[in-house]
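As they're listed, the protein sequences go chains A and B. Be aware that the first sequence starts at 1, since it is given in my numbering, and climbs by one per residue. Be aware that the second sequence starts at 1, since it is given in my numbering, and climbs by one per residue.
One should not assume that every hint holds.
[Claimed, not checked] Quick list of in silico lysine to aspartate or glutamate cross-link-like pairs, DMTMM-like style, CA-CA up to 20 Å:
#1 B:283 x A:60
#2 A:212 x B:393
#3 A:242 x A:219
#4 A:28 x A:50
#5 A:212 x A:314
#6 B:283 x B:233
#7 A:28 x A:47
#8 B:283 x A:99
#9 A:186 x A:99
#10 B:283 x A:219
#11 B:56 x A:219
#12 A:242 x A:258
#13 A:48 x A:88
#14 A:223 x B:393
[Said to hold, decoys possible] Pulled from the structure, derived: some chain A residues nowhere near chain B, Cβ distances all over 10 Å:
#15 22
#16 57
#17 61
#18 64
#19 67
#20 79
#21 90
#22 146
#23 184
#24 223
#25 268
#26 319
It is worth saying that the hints were derived from the structure and are not from the lab. Every residue gets a Cβ at the ideal spot worked out from N, C-alpha and C, and that includes glycine.
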Amino acid sequence: MLRYLFRRVLIMIPTLFVTSVLIFTVMKLPPSDYFETYVAEMQAQGEKADLGRVEFLRTEYGLDQPVHVQYFRWITGFFKGDFGYSFEYDLPVRDVVGERLGLTVLVSFCTIILTWVIAFPIGIYSATHQYSWGDYGLSFLGLLGIAIPHFLLALVTMYFANVWFGISIGGLMEPQYFNQPMSWEKFKSILAHLWIPVLIIGAGGTGAMIRKIRANLLDELRKQYVVTAKAKGLPPRRVLMKYPFRMSLNFFVSHIGDILPTIVSGAELTAVVLSLQTTGPLLIRALQSQDMFLAGSFLMFLALLTVIGVLISDVALTLLDPRIRLQGQATK
Amino acid sequence: MTDPHPASGALPLPPPGGRLVHVAATAPFNPHIEEALTETQKKVYLADQLTLMWWKFRRHRLALVSGLLLAALYAMILIAEFLAPYNYEQRHTGFIYRPPQAVHLFHEGRFLGPFTYATQYRLDMETMRRLYAEDTSRPVPLRFLCRGDSYRFWGLVKADIHLVCPGEGGTLFLLGTDRLGRDVLSRILIGARISLTIGLIGILVSFTLGIVIGGLAGYYGGLFDLLVQRAIEIVQSLPHIPIWLALASIMPPHWSPLLVYFAITLILGLMDWTGLARSVRSKLLSLREEDYVVAAQLMGAGTGRIVFRHLVPGFMSHLIASATITIPSMILGETALSFLGLGLRPPITSWGVMLNEAQNINVVALYPWLILPVVPVILVILAFNFLGDGLRDAADPYH
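Using the sequences and the hints, build the whole thing.
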C-alpha cells in the first residue's frame with residue numbers, strides 16, 4: 001500500500017507538469033494580452049492610459065521576456081506561495097481569492113450535503129420499487145433537474161424569491177457585509193441568501209446522483225446472492241443494506257475525488273447569474289479579461305485538487321472493496 | 001387381409017386372436033423431428049441480435065416515444081424555413097416585445113376557421129411600456145401554404161413558401177416577438193438546426209477519439225496505457241467551463257459564424273472524449289483475455305483488426321447508448337457558452353443565443369415569453385435521456 005501510494009504521488013508530478021504547461025499555453029494563446037486590451041479600452045473611452053505604469057508592470061512580471069522564462073517564473077512562484085499578480089484588481093492573486101474561497105467552500109459544502117441527503121433515499125427507493133409510479137415520478141423529477149439549464153433556473157428562482165419572499169436579488173449576503181469581518185448580522189444575511197444557490201446548484205447534481213444510485217443498486221439487486229439471502233430468510237432491510245447497497249457504493253466512492261475541485265470552483269454559471277461572491281465569477285471574469293495570472297493560478301489550483309481527488313478515490317475504493325487490486329499488471 | 005397403405009397411421013386392429021400386421025415406415029427417418037422448431041419459435045430463437053434489441057427496445061415505451069420525437073425534430077430542421085411563419089431575421093418594428101398571440105376558431109359565435117385578431121398598440125406614457133391588445137372586431141384568417149417572407153432555403157435557394165402565414169394586415173406571433181420585433185417561434189425553429197446538430201457533431205469527435213485512444217490503451221496496456229491514463233486525468237482535471245471559455249476567447253473575431261460553429265463543436269468534443277475512452281479501456285481490459293482474441297492472434301490478425309473488428313463491435317451498442325446520454329451535456333454546453341456570449345454569434349441563432357438575450361431579470365418579469373427557448377432544450381434533453389436509457393437496456397438483449 002505504501003509503495004503504491006509513493007508511486008502514485010511520483011506519477012502526479014509529471015501529470016501536474018503537463019497540466020501546468022497546458023494551462024499556461026491556453027492562457028498565452030490569445031493574440032493580445034491584458035495590457036493591450038486595457039490600453040485599447042482606455043483609448044476608446046478617450047482617456048489616456050498610464051503607459052509608464054503598464055510598462056513597469058510588464059517588466060516587473062516578466063511579460064517582456066521569452067515565454068519559457070515567463071512560465072518558469074510563474075511555476076516556481078507556486079513553491080514560494082506566490083501565485084502571481086492580478087492586474088485587474090491590482091492585488092496579489094492570493095488576496096483577490098481571499099474571502100471568496102471561504103464562501104465558495106461554504107456554498108459547495110452545503111450543496112453536496114443536500115445532494116446526498118436527498119439523492120440517497122430517493123435512489124434507494126427508486127431501485128427497490130422499480131417501475132412503480134413513485135419510481136417514475138421521482139426519476140422524472142430528477143431528470144428535470146438535469147435538463148433545465150441552471151442559469152435559467154437561477155434567474156427564475158431569483159425573480160420569484162424576490163417577489164414572494166422579498167429577498168434581495170443575487171449575492172450571498174446584503175452587499176454592505178462583503179469583506180467585512182464576520183458578525184451575527186452578516187451570518188444571518190448569509191443564511192437567508194444561501195438556500196437559493198444551494199437549491200439550484202443542487203438540482204442538477206441530485207438528479208444525476210439519483211440516476212447513478214438507482215442504476216448501480218439495480219445491477220446489484222439482480223445478482224444471485226440477493227436471491228440466496230432472501231431465500232435464507234434475511235429481513236428485507238438487511239438484504240438491501242448489508243451487501244447490495246455497499247457494493248453499489250463503489251461508483252460513489254470512485255467519484256468522491258471529483259468533489260474536491262468542485263467544492264472550490266463552484267458552479268460558475270449559476271454563480272455569475274446570481275452574482276454570488278464566490279470564486280466562479282472571479283475565474284470567468286479573469287478569463288474574459290485575460291487576467292492571466294489570476295486565471296492561470298486558479299486553474300492550476302483546481303488541477304492540483306483534481307489529481308489529489310483521484311488519488312483519494314482510488315485509495316478509498318481499495319479500502320471499500322478488497323477485490324480491487326492496485327498493482328494489477330497488464331498481462332501483455 | 002390387404003391394406004393398400006401399410007404405413008399410413010391408424011391401422012384397423014386385427015380381429016381378436018389374429019396376428020398383428022408388421023409395418024415398417026417407408027418415409028425417411030428424421031431423428032431431429034422432436035427438436036424441430038415451429039415457424040413462430042424459429043422467429044424467436046433464431047432472431048439476430050438487432051431484432052432482439054429492437055424487441056427489447058420496443059418494450060420501453062418512453063424510449064420509443066422519445067426516439068420518435070427526436071426523429072421528428074431532426075426531420076423538422078431539414079425544412080425549418082418552410083415551417084417557420086416568418087423569416088427569423090425579419091424585424092417587425094411595429095411589434096416590439098409583442099406577447100404571444102392566440103389563434104381563434106370562432107368569431108362572435110360563428111366558425112371562421114383559424115384566424116388571429118388584429119393588434120392594437122398603445123404606449124403607456126407613464127411606464128413607457130408597450131401595451132398590445134387584440135382588436136376583437138377585426139379577425140384576420142390565416143393562410144396556408146402561402147407566400148410570405150422570402151428566405152434562402154438552406155442558405156442556397158431563394159424561396160418564399162411557408163406552411164402558414166398571417167392573413168393580409170394581420171400578424172401571427174404565436175410565441176411573441178423579441179426586442180427587435182423578430183418572431184420567437186421562427187427563431188426557435190431555425191435555432192433548432194444549430195442546437196440539435198451541435199451535439200451530434202460534438203459526439204462524433206469525442207466518439208472517434210474515445211474509441212481509438214481508449215481501444216488502443218486497453219488492448220496494449222503497459223506504457224501506452226499509462227500515458228493515456230495520465231492524459232485522461234489531465235483533461236479531466238481541467239474544469240470544463242473555464243477551458244471552454246479560454247478556448248472560445250482564442251477564436252479570432254473575424255471568423256465566419258459557420259467556422260465558429262465548427263470550432264465550438266470541436267471544443268465540446270475535445271473536452272468530452274475522456275469518459276468514453278475510459279469505459280472502452282476498461283471493457284477491453286477484460287475482453288482481451290477472451291479465447292477468441294487468442295485465436296485471432298494465432299491466426300496472425302493485426303492489432304488494429306483485433307481491436308476494431310473483433311473487440312469494439314462487441315460493446316458498440318453500449319457505447320452508442322452512453323453516447324446518447326452525453327449528447328444533452330453538449331447541448332447544454334452550447335447554451336452555456338452562448339449564454340456567456342462566447343458561443344455562437346448573431347446572425348446565426350441557436351437556443352443558447354436566444355437564451356443569452358433572456359438573461360436579464362427584467363425579461364423574466366416583463367417579457368417571460370423570451371425564456372420559451374428553454375422548453376425545446378428541456379424536451380430534447382429529456383428525450384435523449386430516455387432514449388439513452390432504452391438503448392442501454394436494449395444493448396444487452398439477453399439480460
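Tested hints:
1. Among the hinted pairs, residue 283 (chain B) with residue 60 (chain A) is inconsistent with the structure: their alpha-carbon atoms are about 52 Å apart, more than 20 Å.
2. With a CA separation close to 15 Å, the supplied pair residue 212 (chain A) and residue 393 (chain B) stays within the 20 Å bound.
3. Under the criterion of a C-alpha separation no larger than 20 Å, the hint pairing residue 242 (chain A) with residue 219 (chain A) is consistent with the structure, at around 15 Å.
4. Annotation: proposed proximity of residue 28 (chain A) to residue 50 (chain A) is violated, straight-line Cα distance about 23 Å (limit 20 Å).
5. With a C-alpha separation of about 19 Å, the suggested pairing of residue 212 (chain A) with residue 314 (chain A) holds against the 20 Å cut-off.
6. As the CA atoms of residue 283 (chain B) and residue 233 (chain B) are separated by approximately 18 Å, the hinted pair is consistent with the 20 Å bound.
7. For a cut-off of 20 Å, the pair hint linking residue 28 (chain A) to residue 47 (chain A) is broken: about 27 Å separates their Cα positions.
8. Distance restraint check for residue 283 (chain B) and residue 99 (chain A): the Cα-Cα separation of roughly 45 Å exceeds the 20 Å cut-off, and the hinted pair is therefore not satisfied.
9. As the CA atoms of residue 186 (chain A) and residue 99 (chain A) are separated by approximately 13 Å, the hinted pair is consistent with the 20 Å bound.
10. Of the pairs offered as hints, the one joining residue 283 (chain B) and residue 219 (chain A) holds, with about 17 Å between alpha carbons and a cut-off of 20 Å not exceeded.
11. Distance restraint check for residue 56 (chain B) and residue 219 (chain A): the Cα-Cα separation of roughly 18 Å lies within the 20 Å cut-off, and the hinted pair is therefore satisfied.
12. Taking the CA atoms of residue 242 (chain A) and residue 258 (chain A), the gap is about 26 Å. The hint is violated against a cut of 20 Å.
13. With a C-alpha separation of about 17 Å, the suggested pair residue 48 (chain A) and residue 88 (chain A) falls inside the 20 Å cut-off, and the hint holds.
14. Proximity of residue 223 (chain A) to residue 393 (chain B) is assessed by CA-CA distance (about 16 Å); at most 20 Å being required, the pair is judged to hold.
15. Residue-level check failed: residue 22 (chain A) sits 7 Å from the nearest beta carbon of chain B, not beyond 10 Å.
16. Under the 10 Å C-beta cut-off, the non-interface status given to residue 57 (chain A) relative to chain B holds; the minimum distance is some 21 Å.
17. The claim that residue 61 (chain A) lies off the interface holds: its Cβ sits roughly 19 Å from the closest Cβ of chain B, which is beyond the 10 Å cut-off.
18. With a cut of 10 Å on Cβ distances, residue 64 (chain A) stays outside the contact zone with chain B, its closest approach being about 22 Å.
19. Every CB of chain B lies more than 10 Å from the CB of residue 67 (chain A), the least distance being 16 Å, so the non-interface label holds.
20. Even its closest Cβ contact with chain B, about 19 Å, leaves residue 79 (chain A) beyond 10 Å, as expected for a residue assigned away from the interface.
21. With a minimum CB-CB distance of about 22 Å to chain B, residue 90 (chain A) clears the 10 Å threshold, and the non-interface call stands.
22. Here residue 146 (chain A) does not stay apart from chain B, with its beta-carbon only about 7 Å from theirs, under the 10 Å limit.
23. Residue 184 (chain A), annotated as away from the interface, keeps every beta carbon of chain B farther than 10 Å; the closest lies near 30 Å.
24. Chain B leaves residue 223 (chain A) outside its interface by the beta-carbon criterion, the shortest separation being 12 Å against a cut-off of 10 Å.
25. Against chain B, the non-interface label of residue 268 (chain A) is violated: not every CB pair exceeds 10 Å, the least being about 5 Å.
26. Once the 10 Å rule is applied to beta carbons, residue 319 (chain A) is consistent with being away from chain B; the minimum gap is 20 Å.
The structure fails to meet hints 1, 4, 7, 8, 12, 15, 22, 25 from the earlier list, while all remaining hints are met.
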